[in-house]
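J.: Sequence:
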Amino acid sequence: MKNVTNSFVSLGHWPSVGSFGFNTDILATNPINISVVLFWKGNNRKQRILSTIRNSEELREGAIEQLGKARARLRKVEMEADQFRFEQQKAINQVRQRVFQQALQGALGTLNSCLNSELHLHTINANIGMFGAMKEITD
1 MKNVTNSFVS LGHWPSVGSF GFNTDILATN PINISVVLFW KGNNRKQRIL
51 STIRNSEELR EGAIEQLGKA RARLRKVEME ADQFRFEQQK AINQVRQRVF
101 QQALQGALGT LNSCLNSELH LHTINANIGM FGAMKEITD
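Residue 1 is where the sequence shown starts when you use my numbering, and the numbers rise one by one after that.
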């Protein structure tokens, strides 16, 4: 076992250029290792950042598209609500008009049934008298 350890240690001290060996000098190997790690980590980090940016842009485009669709749906719903309010107001006005006409017909029916010719003449004379009084005030 000691021979194997000695052979690894002796590999680190071979001075020949171009040969493969283990460098046991920690101060010489650390900057090399750090630069290799940083290069590969930096490259991977750059790829991850670019990938994240691409994904973010795709998500943004999807969100913009969904926002456009939501706005279109909102406009459609607002138009439907306006149409509903218009129809509602139209129905309310029709009901008001029918109620007014029914009330007017009921009042005319009641008035016609209550009036006899003598009361009718008396009402006409009273109205003529009011108009005469109004004329005197304006003169």
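Where hints are given, some of them may not hold.
Subject to a maximum C-alpha distance of 20 Å in a straight line, what follows is the list of computed EDC-like cross-link-like pairs (lysine to aspartate or glutamate) [said to hold, decoys possible]:
#, residue 1, residue 2
1, LYS69, GLU58
2, LYS69, GLU57
3, LYS90, GLU78
4, LYS76, GLU58
5, LYS90, GLU80
6, LYS46, GLU65
7, LYS76, GLU65
8, LYS69, GLU80
9, LYS135, GLU118
Derived by calculation from the structure, the hints in this document are not laboratory data. All values derive from a computational prediction rather than experimental measurement.
J.: Any hints this thing doesn't respect? Which numbers, in order?
T.: 4, 6, 9
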